[in-house]
Amino acid sequence: MKGTLSKEVEIGISAANLWEVFRSLRLAELTVKLLPHLLAEAKLEEGYGGVGTILKLTLRPGILPAGLESYKEKFVKIDDEQRVKEAVVVEGGYLELGFQSYLVRFEIMEKKMITSGNEGDEQEYYDSAIVRSTIEYEISDEHAGAGASAELVSIAPLAAIAEAVGNFLAPELGREEASEFKTATIKKEGALFSPPRDSQTVKPHQNSRGIKKKIDESDRSSTRVNYELYYNRF
1 MKGTLSKEVE
11 IGISAANLWE
21 VFRSLRLAEL
31 TVKLLPHLLA
41 EAKLEEGYGG
51 VGTILKLTLR
61 PGILPAGLES
71 YKEKFVKIDD
81 EQRVKEAVVV
91 EGGYLELGFQ
101 SYLVRFEIME
111 KKMITSGNEG
121 DEQEYYDSAI
131 VRSTIEYEIS
141 DEHAGAGASA
151 ELVSIAPLAA
161 IAEAVGNFLA
171 PELGREEASE
181 FKTATIKKEG
191 ALFSPPRDSQ
201 TVKPHQNSRG
211 IKKKIDESDR
221 SSTRVNYELY
231 YNRF
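Numbering follows my numbering, with no gaps: position 57 of the sequence shown is 57.
One or more of the hints may lead you astray.
Said to hold, decoys possible - Calculated cross-link-like contacts (lysine-lysine; reagent style PhoX-like; alpha-carbon spacing at most 20 Å): (1) 7 - 111; (2) 43 - 56; (3) 74 - 56; (4) 43 - 7; (5) 33 - 56; (6) 72 - 43; (7) 56 - 72; (8) 2 - 33; (9) 43 - 33; (10) 112 - 7.
Stated by the list, open to error - The calculated label-pair distances, taken between Cβ atoms and stated as ranges, are: (11) 100 - 77: 38 to 48 Å; (12) 155 - 52: 17 to 27 Å; (13) 6 - 100: 31 to 41 Å; (14) 10 - 141: 30 to 40 Å; (15) 149 - 112: 37 to 47 Å; (16) 111 - 54: 30 to 40 Å.
Note that these hints are calculated values from the structure, not bench results. For each residue, glycine too, the CB sits at the ideal point set by N, CA and C.
Start from the sequences, fold in the hints, and give me the full structure.
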């Protein structure tokens with residue numbers, strides 16, 4: 001039996017800035033920091049953040065059956081042009097439950113906004129990003145119903161990660177005013193960990209509505225509580 005779950009979350013920063021985090025090891029680091037009720041630990045087992053990297057992830061008790069909280073995932077795809085990252089479980093976790101495969105995919109997409117130019121012509125601007133989180137899994141017939149169940153698979157944690165990380169980064173990076181965004185071509189990503197392009201540089205602590213927003217250290221604890229409530233809605 002095969003299954004797919006997917007969910008999209010809009011984030012108020014550029015796709016280029018968001019991708020720099022999602023493509024790297026910082027995603028796991030921020031998940032532990034922002035969602036400790038979800039991910040207790042992320043340990044680098046092999047690699048440096050590129051394809052072939054293996055992480056050992058330890059979930060908080062209650063998400064998977066007791067004794068199966070830790071598992072290893074391997075980065076199998078990092079596409080800087082399309083901004084797509086894929087990881088598969090290679091040991092423990094869902095595989096111990098009888099799943100034949102378990103893949104997680106993050107896609108970072110620009111959200112277009114159409115406005116009229118000075119001479120009335122339409123122009124495209126990129127106001128924010130959309131994170132599409134996807135889980136693809138397969139359960140063998142012999143294990144279906146005997147430990148391995150589609151009910152154990154939830155897209156809610158990935159959606160919570162996307163929203164938490166995006167909202168954490170927004171005060172740091174800010175959002176440009178729509179009138180200041182440059183139009184047309186989005187340049188291809190360069191080397192690993194390359195900084196954002198000049199055409200997508202953002203002002204700190206400012207979103208597209210011109211509302212200044214800042215989260216200091218005293219706000220971080222309440223932020224985590226909010227995301228715990230978000231996760232528990234699913």
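Query - Hint numbers contradicted by this structure - result: 4, 8, 11, 13
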